[in-house]
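> Protein chains in written order, with numbering that gives the first Met the number 0: chain G, 0 to 222; chain Y, 0 to 436.
Treat the hints with care, since some could be wrong.
[Unchecked claim] DSSO-like cross-link-like pairs, simulated, lysine-lysine; straight-line CA separation at most 30 angstroms:
| # | chain 1 | residue 1 | chain 2 | residue 2 |
| --- | --- | --- | --- | --- |
| 1 | Y | 277 | G | 26 |
| 2 | Y | 181 | G | 103 |
| 3 | Y | 277 | G | 198 |
| 4 | G | 198 | Y | 99 |
[Said to hold, decoys possible] Computed from the model, here is a short list of chain G residues facing chain Y with C-beta under 8 angstroms:
| # | residue |
| --- | --- |
| 5 | 27 |
| 6 | 29 |
| 7 | 42 |
| 8 | 44 |
Worth flagging that the hints you see were computed from the coordinates, not collected in a lab. Because the structure is a prediction, the values reported are computed rather than measured. For every residue, glycine included, the Cβ atom is placed at its ideal position computed from N, Cα and C.
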Amino acid sequence: MSAAVVESVNEIMPNIREYILRVDKVKRYNPGSFVQLTLDQVSASEIWPDSRTFSIASWDNEKMRFIIKKSGEYTSRIFDEFKPGRLCTIKYPFGEMFDRTTIKERHLFLAGGVGITPFLGLGKFFAMNDLKENVSLLYSVKTMRELIHFDELKEIFGGRMSIHVTREMTHGWPNRRISINDVQKLADHDTNVYICGSKEFNLDFSYLLNQYKYTKVRMDEWE
Amino acid sequence: MSENEIRDQIVKLTKEYYHEKFGQDKYKPGDRIPFARRVFDENELVNLVDSSLDFWLTAGRYANDFEYEFAQFMSQEHCLLVNSGSSANLVALSTLTSSKLGERRLKKGDEVITVAAGFPTTINPIIQNGLVPVFVDVDIPTYNIKSEDIEKAVSNKTRAIMIAHTLGNPFDLDAVMAVAEKYNLFVVEDCCDAVGSTYRGKMVGTFGHLATVSFYPAHHMTMGEGGAVLTNDDELYRIAVSFRDWGRDCYCAPGSDNTCGRRFTMQHGNLPYGYDHKYVYSHIGYNLKVTDMQAAVGMAQLEKLPYFVEKRKDNFNKLKGKLEKFNHALILPEATENANPSWFGFPITVKEDAGFGRNELTVFLENNKIMTRLIFAGNVTKQPAYLDVDCRIIGDLRNTDIVMNNTFFVGVYPGIDDEQIAYMESVFVSFFEGKKG
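Excised from the complex, chain G in its bound form (with noise of 0.2 angstroms):
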């Protein structure tokens, strides 16, 4: 458990806001890990209040990279009462979404919406490592205004990356869902698949993996 402070809001689209956190006690970051995260300023001697539990896009030392969608009463507090200097406090890291030994193995990541958060992470780790031709990213969203941080994923996953934008038209990204067939084309059986998305999303392609054998699927369900 830490102390956390936000250090700066960044705008994305109205419901969608990109928080910096600077925290106190700085721990390795995993790659796909999340948090727990309560706006209330506790101690571990004291019951653990009500939080909420988001994926970390990145992490660089003590700064934790949070993108958060207001969709629902707490979210819609850390709208309102996140400014630069809020003090909060976050357990972390958590999480087995991404295991460090499949590093050399292929992996694909489907993502809804804000769900493309592990991912961003997830994606420089492996660009870290030199190994950025592991992966590759189907990308879902509704607008281009929802897409998170275009110029960095086309820098992580260059060819490897489709964006599919569902409900407006635009050029060069197909105006439809991800197909099977999209992951297909990407994933055979020995590729490690990643989903994040919506409730709906994660348990649609968690379905339909699994009824093309997909066996090496996991997913991360957080805000």
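Model the placement of chain Y on the given structure of chain G, informed by the hints.
The following block gives chain Y in isolation, referenced to the frame of chain G:
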């Protein structure tokens, strides 16, 4: 008065109490010189009382801080507090039996290389997990595993090496890790007596997969009862937490629920879907947690730890300088090559041809108020509890028997000062003068 004002008042009174009760507790000629003892000041007492006022009782804010700070001191990513060094050994070795490790796991009947000249709870977890200890002889005067015999102990059943850095003296980590790498073995470094020792400039405990330490009062720092498991491996850490906390799958801290956010939405084993994750067990575990009061004492001790380590080294060197004149009869300790030990004690072996026995010398020292201790179990295979234990022995354990028969140690703990070292020397001088007469 407000809650905070009362608390401040209690802290103030606690400091006063410390000075009344313990402030004059200094060595005087004629006092006993222990082999080890807690060294503390008002800060330990203040932290202890402060944590008791939280009345959190189980691991809390002090434990949280301690695990973070101690991991940094030991150059490790993870520190897991447990209630003793022995529990740390039990958790560490049990961790390697987890089914989560797949084919890498230790299974019943697998062999673990260790030594017989040491503390029993380095060995007990091997037996308690249905594994077979394989005993290798030790070297004198390092009192550590004989490097040249390690590979001889490897069989097709060997899966791990678990040994202690004896009395703070690091074992030959080059040799141990070379064998471990060659045969793909896990290594558990028992650092219970070796906090602050380094090998090739690196902290002990960072070479193997898991390390253990003890915070019993005799050790380098104390929290009364207490210990820790340390590792740089995230997966081993998570498994170790599970073994410590009843074997449960859930990693919520005490007082926390639903940290994973999926408490009621997962499938585990043959349980019904959505069975409360808090009550899902992935290991046959224990409850070996600490209280926050122990960790509170530990936090105050941790601040003194760098001094403790240096003082132990300094006392060792001074004592060795004083006793070198008796090396015709006594074998004095030597640091392992490439090691910089933070000594737990000062081991001495009475030579076979000294003209007197170990017990004659230790009785003399004890009668003159210098506490002595044996190197724990001596040859553990000869202890009553181990006579029927299924084990394998490499060679004849000749040096282990010498340790059992001829070796003991005296203290170098940080409470020993130059006056006490001079007194210790004078008692040895008296003993040898008596021998001449």
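> Next item in the hint list is residue 44(G). Is there a CB on chain Y closer than 8 angstroms to its CB?
This hint holds: residue 44(G) lies near chain Y, its Cβ roughly 3 angstroms from the closest one there, short of 8 angstroms.
> Has the given pair, residue 198(G) with residue 99(Y), been kept, meaning a C-alpha gap of at most 30 angstroms?
Holds: residue 198(G) and residue 99(Y) sit about 27 angstroms apart, inside 30 angstroms.
> Would the pair residue 181(Y) and residue 103(G) pass a check requiring their Cα atoms to be no farther apart than 30 angstroms?
This hinted pair holds, its Cα atoms lying about 22 angstroms apart.
> Take a quick look at whether residue 277(Y) and residue 198(G) sit within 30 angstroms of each other, Cα to Cα.
holds, 23 angstroms
> Is residue 277(Y) within 30 angstroms of residue 26(G), Cα to Cα?
holds, 25 angstroms
> Holds or violated: is the Cβ of residue 27(G) closer than 8 angstroms to a Cβ in chain Y?
Holds. Min distance 5 angstroms.
> Can residue 42(G) be said to touch chain Y, with a Cβ gap under 8 angstroms?
holds, 4 angstroms
> Report holds or violated for the interface hint on residue 29(G), using the least CB-CB distance to chain Y and a cut-off of 8 angstroms.
holds, 6 angstroms
Of the numbered hints given earlier, the model fails none.
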